[in-house]
Structure formats: C-alpha cells, structure tokens
Amino acid sequence: MRIRLGLALVLALVALALFAPLLAPYPPAAQLDLETLRNVPPSVAHPFGTDPYSRDLLSRVLHGARLSLTIALLAVALAVTVGTAIGLASGWAGGLADTVLMRLVDAGLAVPKIFIVLVVLALWEKVTVVALIAILGGTGWFGVSRIVRAEVRAARDREYVAAARALGASARRVVLRHVLPNVAAPVIVIAAMGVGQVVLLEAGLAYLGVGVPQPTPSWGNIIADGQHLLLTAPWVATSAGLAVVVTVLAFSLLGDGLREHLDPRTR
Amino acid sequence: MSDRTPWLVVERLRKTFPVARGMFGRRVPLYAVTDVSLAVARGETLGLVGESGSGKTTLARCLVRLETPDAGRIVYDGTDVLALGGAALRAFRRRVQIVFQDPYGSLNPRLRVGAAVREPLEIHRLARGQEAHDRVAALFAEVGLDPAYRDRFPHELSGGQRQRVGIARALAVGPECLVLDEPVSALDVSVQAQVLALLRDLQRHRGLTYVFIAHDLAVVRQMATRVAVMYLGRIVEEGPADAVLATPRHPYTVALLSAVPVPDPATQRRRIVLPGDPPSPLAPPPGCPFHPRCPHPQKDDRCRQELPALDEKAPDQRARCHYA
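Chains Z and E supply the protein sequences, listed in that same order. Numbering of the first sequence is given in the numbering used here, commencing with residue 1 and proceeding in unit increments. Numbering of the second sequence is given in the numbering used here, commencing with residue 268 and proceeding in unit increments.
If we strip away everything but chain E, and leave its shape as in the complex, we get (with noise of 0.2 angstroms):
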C-alpha cells in the first residue's frame, strides 16, 4: 500500500513547558515531548498511541505548528517545517491540517458551522461568494452531513456531526495530511465507528496520510498501517502495526494489550494490571522511565540507571528496553 520513504519525519523532538511551582516558585520544566523521532510514508496511518500525559498531543501540536518545540526537527516532504514563516508558514498549513479531539471545544460556539467550514477558504483566499458557498456544501455531502446543517450552531448538533464538521474544516484547505489527535475518543462508541469509517474513505479517496493518535489500541488497530507507543514523552515501541500488535515487545506494549478485549471467549487472557500511576513529567525518573511500574522479571539496576535506546528488537520493530 505504501513505500517506506519518510514522508514525514520527526527527529529528537523534545517540548518542555514551564511550570511555576508555589505561590513565589521557580519554573521548573515539564517534559512532554522527549526525543521523539518518527518517520511516516506518504498514504500510511501512524497510530500514536499511550496514556493521557504522555505528550501524544504536545507532539501533535508541534507537527502542525500549534507549539514550537525546544529542539529538534520536523521535516514534511523535504521541507523543514521549524524554519517556515510568513508565506511558507501558510503554504504549509495548506498541505497538513489537525482534527481536534473535543468537537464542541474546537468549533467556536457564536459560529454557524457553515462559516467555520467556509473560514479556512477565506483565510487562504481559496473561493469566495457563490463558488465557496458550494464548495461549503460539497465538503459537508463529504464528510456525510447534510449540507442543509450549515446554518446551524454547533451546538444544535450532535457531537459526530460536530466531529464531521471539524473534519471537513480541516479538508477545506485541500490537505495532503491529518493530524488527528483523538479524533473519536469524546464520541459514542457507535458513533466512533461511523467516523472512523468515513476517516478510512476519506483517506482512500483523497489519499492522505494520517497521523493518528488515540488511547485506545481497537480503534488503532482498525486504522492504523504503524504504530508508536508513546510513555512519559518518549517513543518507546515503534513499527508495523501487524507485528507491534501481534508481538509487542516493550512491557509497557504487552499491558497496553492485555487490556484490550478480545472477541474471542476461547482464548485465554492474563490481564497485566500496572501498579501505581505515570510518574509526574515534572520528576521524570532515572534509568528507564517505566521502571517504577515496569512488571518485566528481568528488572534489575541496569533499569533503575540507564536509559535504554530505542533498540531494533525484531525486523523494523522497535522497543526501548534493554530486556525485551
């Protein structure tokens, strides 16, 4: 379906915010975003995958210019993405756009979801008049809504329609590639699949390139060509997601997994109940950074102390762990 060549890639990105503690406090960093490389190829789905504050969303706002990251680099299809600015910039914001994960939160409550849908070709003077009116319409028949909603507020909508509308607010601008951050994480679960559905047609049809990201590893299993596992800000599985999801090698992958149902009352499950919570991005600890909950036999000093790269475990799998 898709060559390897990187079409987007993400080298050692690291976003930190900072965090003023107490009333007087100094600021003191939050590690969101650490060493994150990627690389992902034209017309693949990379499910970006991992608990909330893991940095899935600082990561998905850099891609698109939202945040600037501290270090690193972002290059989409030859071009630096960090060193764009005025013309370029919006060149850019053309050719890769991000769907929000609240559908209420991302469309501003005073707009008619029509306007919203048609600002994106105001912004980039893309039709105006009678020509944006339809073109309006045509994205609304494309994302599957009746084109007659666009008087409508967004809150006379239900959140998959308002979804839809995020959707093809974020396609007005003709983009070769979506971020998507949580796209159907605040729907109904019939509903998800709908618009899961309609990301899979909207993907074949105008062949985009999907950055997915998502806590929930069924839904990355239906959409997603790779996957990365992200914990604390870092990358700590990546590859096909046929052999991550099949045979994951990071113990952090392997609990992730377990917890996923299967649909198959035959097979035997052992559920791995992590203990305790993700530590605080403001005191990331030493050594591994899931030491503290890590449930791997083999744990030992080595965990406690050194870091482990993100290794090649098996062909084109990779896991940061020095046991896996």
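Just chain Z, same shape as in the assembly (with noise of 0.2 angstroms):
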C-alpha cells in the first residue's frame, strides 16, 4: 500500500518535472509586470500566486522540480555507488585497509555535511549544478558504505556464503550472487529514503545564498526568494516548501513499501 502511493507520488513527481515546459503557463524566468503583479497570492490565473520579482510561481515551482529532482537523483547515484564500493571493498577486505576506511568514514560522518559542503562550494567561483551534484553525492556515501559494509561482514559469515566457497565458488561469483543481492535492500532503502534528504539539503543550501544562480528556478532558491517575505507573501516561500514536502514524503514511503516489498519471507 504505502509503496503504491510512495511509487505514484514520485512517478507524478517525475512526470511534472518531464513535462513542465508543456505544463507551466509561463515561462519561469519571464517577470511578468513589474508594476502590478509582484507578491500577488494565489488566484485563477496564478494558482500559487507570484513573487516578488513578478515571476509566476506555479511555473517556477515546475521548473524547480527539474533541477531539484536532477540533482537529488544524480547526487543519490553518484553516493550509492562511491558507498557500496568502499563499503563492498572495506567488508570483504578486512583487516587494515578496513580500518583505514572506516576511519576515514567516521571523519566524514563527525564532521557536519552542511559545513562541509559550505566550504567546498565556496571553492567554487560560481556554483554550477553539477559542482552540486558532485559535493552533495561526494558527501552523502559515508553513511552507505558503512551499512553495505556492515551487511557484507554479516554476509560474509553466512553458511550459504561458506556452501558457496566450498563448492568452489570465485570470490567475484560469491561476492555478485551471494553478498550483494542480500545487501541491495538496504541499500535501495537508503537510496530512496536518500533523494527526499538531499532535495531538502539542496534547499537548504539555496536558502542560506549557496545554490543554484537566479533566475533558474530551484525549489530552494525559491524559498530563499520568500524567506524576507514569509508574513507579508507566505504563499512565496509556501509554494517550493510544500514541493519539497510531497517528494520528502514520497520517496520516504516508496523507501518504506520497498524495505517490506524487499524481503522476501514478507512477499
């Protein structure tokens, strides 16, 4: 049930964000009229109303999905495969090259992504979409690798993964038939769990002024465009948020339906 409407909420999602030149009235970046039309609430013409550059905010929002769904995802790819090829490598290995990662792991994971993001972007002359990609997946693998790495070590013990070497099984057939498809699960559940979390991370980063450059609309630049005007125009601010909202929600209950949905004494 749940992995029925997480799936349907993020097909929509997806499809919105396909679709949304053909679906958005205006163009995103178009200012529509200066004079009368800036931080008008919503209406039949502007149903989640404009804002303060005089931008409608439906076809902005529609916009912003492109962008902050592409990043979400890629960044979610590029951490899912860093992850579960150190995890992969740590939980086979053992022994010192174990320890030298997983230490390196603990590093990254006691210091606060947000920082280090922060200081890495500023880097960067100008924040370009894939720099975001690239340090928010570049940042978001050391929680995966350490469950893949946890899993391959319990795996790794298993009977079945015993049977297999006694029968004669390479370590590449162990390793793709034995230990990983017992480690996908998890991993898809974080993945998907994942993209909920970096939408909301990408947000947040366009709210403090690090994201994507205006005029492109992204979810979060659209808040930072309300933050000064939350009492005045909250429907700003309001209209990216619940977005962010919706895909939070639905790629935690896709993530939710697939854990149960993966396990197959529950199926």
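Worth flagging that the hints you see were computed from the coordinates, not collected in a lab. Each residue gets a CB set at the ideal place from its N, CA and C atoms; glycine is no exception. Watch out, some of these pointers could steer you wrong.
[As the list claims (entries may be wrong)] Examples of chain E residues lying across from chain Z (beta carbon under 10 angstroms, computed):
#, residue
1, Phe284
2, Arg328
3, Val363
4, Tyr371
5, Ala439
6, Pro582
[What the hints assert, rightly or not] Computed beta-carbon distance windows for the label pairs:
#, chain 1, residue 1, chain 2, residue 2, range
7, E, Arg293, Z, Trp124, 43 to 51 angstroms
8, E, Ala415, Z, Glu260, 26 to 34 angstroms
9, Z, Ala15, E, Glu423, 55 to 63 angstroms
10, E, Gln397, Z, Ile114, 44 to 52 angstroms
11, E, Ala550, Z, Asp106, 28 to 36 angstroms
12, E, Arg293, Z, Ile114, 38 to 46 angstroms
13, Z, Ala171, E, Asp531, 53 to 61 angstroms
14, E, Pro528, Z, Gly94, 42 to 50 angstroms
15, Z, Met1, E, Glu423, 38 to 46 angstroms
16, Z, Gly94, E, Gly345, 33 to 41 angstroms
17, E, Ile539, Z, Arg2, 55 to 63 angstroms
18, E, Gly345, Z, His261, 48 to 56 angstroms
Dock the two chains into a complex; use the hints.
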C-alpha cells in the first residue's frame, strides 16, 4: 500500500518535472509585470501566486522540480555507487584496509555535512549544477558505505557463503551472487530515503545563498526568495516548501514500502 | 564393509584463532583444534562427537578447505589437500563436499532452491541449459524432494526439506566424500530419522565416505562405523563404533554415553553428571584437558601436569587417559 502511494507520488513528480515546459503557464524566469504582479496571492490566473519579481510561482515550482530532482537523483546515485563500492571493499577485505576506510568514514560523519558542503562550494567561483551534484554526492556516501560494510561482514560469515566457497565459487561469484543481492535491499531503501534528504539539503543551501544561481528556478532558491516575505507573502516560500514536503514524503513512502517488498520472507 | 586402508588422513592438525581481549587487548590464541590425527577409510562413516566448542566444526571446515590450519597435514587419496591451489583445489572440491548444520543459514534466502542446487553445476561447468535443468530435477528426486519445489524460496520449505536441498547441492558435483556438520541436530526428531535414512541410502548407492559430526551419540550410533570423541580441541578417544560405544575407555566418553537414554527399562543406569563447564579454549588447563571435570577415581597430580598420549587401550581403540 505504502509502496503504491510512494511510487505513484514519485512518478507524478517525475512526470511534472519532465513535462514542466508544457505544463507551466509562463516561462519560469519571465517577469510578467513589475508594476502590478509582484507578490500577488494565489488566484485563478496564478494558482500559486507570484514572487517579488512578478514571476509566476506555479511555473517556477514546476521548472524547479526539474533541477531539484535531477540534482537529488544524480547526487544519490553518486553517493550510492561510491558508498557501495567502498563498503564492499572494506567489508570484504577486512584488516587494515577496512580499518583505514572506516576511520575515514567516521571522520566524514563526524563533521557536519552542511559545513563541508559550504566550505567546498566556497572554492568554486560560481556554483554550478555539476558542482552541486558532485559535492552532495561526494559527502553523501559515508552512511551508505558503513551500512554496506556491516551487511557485507554479516553476509560474509553466513553459511551459504561458506557453502558457495566450499563448492569452489570464485570470489567474484560469491560477491555478485550471494553478498550483493543480500546487501541491495538496505541500499535501495537508503537511496530512496536519501533523495528526499538531498532535496531538503539543496533547498537549505539555496536558502543560505549557496545554490543554483538566479534566475534558474530551484525549490531552494524559490524558498530563499520568499524568506523575507513570510509574513506579507507567505505563498512564495510555501509553494516550493510544499513541493519539498511532498517529495520527501513520496520518497520516504517509497523507501519504506521497498523495505518490506524486498524482504523475500514477507513477500 | 570397508577395509582400513586410510583414504582421508589427518595428521597433527592444529587451528587457532586470534581473539582480541578487551578494547586494546593483545590478541591471544583460541585453541580450536589441537594435534588432531584421524584416518578414515573409503566408504566408512567416521562419527565425530563432542560438545559445543570442542572444535568439531572447525575441524570440518579445515577438511573442506574453508579454514586453513596452522599446522598439520590433510591427505585425501594420496594428495596433500593443504597444498592444493587453483585447478587442483577446484578438482578437490568436486570430490569432497560439506553439508551444514543450519539448513536455513546455509541457503541464500534470495535464491530459489533449484538455483541453489544448479549453482555447483554452473561453477564446475558440469551441465547447462536443459541438461542442467534435468540434473537438478534428478538430484531433487534423489534426496526425496518433489522437483516442483525447485521454484520455492528456502523460507517456503520446512527444515527437513531445506536440509535435503543442502544435501542435493553438495551431491551436485558428484562427490566421493561428504563432511556432514551436525546435519540433523537442527531438525525435529521425526525428521531427523528420515534425513538419516536418506543419508544411509545415499551412502549405499553412491559409495560415499562420511565424516559425520554430531553431539548426539544416539545419532552417531545409527550412522558411524568408527567414532572419534573430541574434547577441547583434542581427540580423547577413537576406535571402531561398536567398541567405543559398548566399552568406552576414556572417562569423558563414559560420561557422554551415560547420558544417552537406553530403550530398555530393565537396564540399571547410573548417569554420570560432569561437574562444571568445559574450560575456556583460550586457556586450556595444563596436563589432561579433562582433568578439572574428570570423575575417574585414580585422578592424581599426573593428570594435572602431564598430557596423556592417545594410546591403544584395546585392539584398534585408543584413548587419551593415563588410567583408562
């Protein structure tokens, strides 16, 4: 049930992002009328209202979905790939390699992520989408690698792994057939939940002024646009805020549903 | 039934595991298997008995090269097993297979049981396509499973059925020798009897050699032609099953046998209850490893100081005791 709702919401969000140019009533950066259409509350003509630069918020939120979701999905893909590779290496090799890698991960987890992200982004002259993906993905794998490592270490000592080795299976076969499939479920779940987290983080960064530069819309910079107007024009921040909430919820539901679905014992 | 030409020979095998004590503690060795020597003839069943922690499972895992012993030799049909590598090791794995105790843990929960039995055929390129499919069906039938079960997941089978899958998987490579690590101790008693009967049939039809590990002497009595009793990593008694079970020499074997129920109410039994627990294999006691718990009336300082040798106490029956 949860998985259906989560999947439906995620697919709807992706569809909205894909077809944003067709669905959006206005170009997202178009300043419609700086005289009369600034901070207009939601109406039939502008269902989400307009922002302080007289841009249509519905169009901006729809277009923002493209960027926010792309950044989140790619960053999570990067984090999961790196995290799985490192967790697998660490858990399978054990010994010194394991100790060194896991102390690095501990160090990475010990420093607040937002701090690392801000410092690294400060090194770029201009924040580009690629830079954002790289930094969000590059700081997102610590947790993944630790979970993968724990699962690999547990799987390594299972009797079915011993049985496969006794049968003469190569290390490659043991890892691909017996270890990874049993590690995949938690990774998929973290990945699904992670998308929501990255959307939040991206919004937070933009709010702090370190995000995708204007006038390109992202949910983060829409919220940033509305932060001074929370009392006078709350719909500006709320529009993208709701989109973030729905996205986080959708991916959490999907992740939660997947957790159950991927366990062969409950299927 | 079998001549006593040694087929599988174990010589002074030793395996220790480093165990860290405390947070920054130094690593101390855990003596899992100490100076174990055994000889198994072809077609014979060696019953390996001992309580938890006596080193039976470690020995089993050494026999199939899942663990590498620290010292000693394993010779199978004239080849030095511990020296094998690459293709020769792969060939050895086709000859000697293992069946595990936990029929759930030994099957990958994400693999249908048919795929689990098919995997050895793929690894050793014994069959593919339709032929592999047929071979799996034949193996299922041989272990008494409906081949229709091949598409089930392990959790959809009962313990006995899962253990049959484990046996079929081991048989898939056509082995000569099976190391059975407590193959029935996780099963219900009624199911145990069925699986034991299956193992006896398989042995007869395929001419298999068994190393049968158990902690249950009643099970060993049914299966074994020879018995070796382990205590704290050492063999304390070894000999023909009939002789060891009828006239045990080592006080530990005597105590173990006294705990087995006898189906004859007329028999007066005196149960020997051993005091205390087995000592920690991290700090085995000096002298005879059994002396702290030994009920033997002649126990003396010699037992506390001097490790007894595994000496012949009766024809072909050896025990590690000064006074047996």
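Each hint, compared with the structure:
no. : hint                                    : result
1   : Phe284                                  : 13 angstroms, violated
2   : Arg328                                  : 7 angstroms, holds
3   : Val363                                  : 9 angstroms, holds
4   : Tyr371                                  : 9 angstroms, holds
5   : Ala439                                  : 8 angstroms, holds
6   : Pro582                                  : 36 angstroms, violated
7   : Arg293/E - Trp124/Z: 43 to 51 angstroms : 49 angstroms, holds
8   : Ala415/E - Glu260/Z: 26 to 34 angstroms : 28 angstroms, holds
9   : Ala15/Z - Glu423/E: 55 to 63 angstroms  : 38 angstroms, violated
10  : Gln397/E - Ile114/Z: 44 to 52 angstroms : 59 angstroms, violated
11  : Ala550/E - Asp106/Z: 28 to 36 angstroms : 34 angstroms, holds
12  : Arg293/E - Ile114/Z: 38 to 46 angstroms : 42 angstroms, holds
13  : Ala171/Z - Asp531/E: 53 to 61 angstroms : 54 angstroms, holds
14  : Pro528/E - Gly94/Z: 42 to 50 angstroms  : 45 angstroms, holds
15  : Met1/Z - Glu423/E: 38 to 46 angstroms   : 23 angstroms, violated
16  : Gly94/Z - Gly345/E: 33 to 41 angstroms  : 35 angstroms, holds
17  : Ile539/E - Arg2/Z: 55 to 63 angstroms   : 59 angstroms, holds
18  : Gly345/E - His261/Z: 48 to 56 angstroms : 53 angstroms, holds
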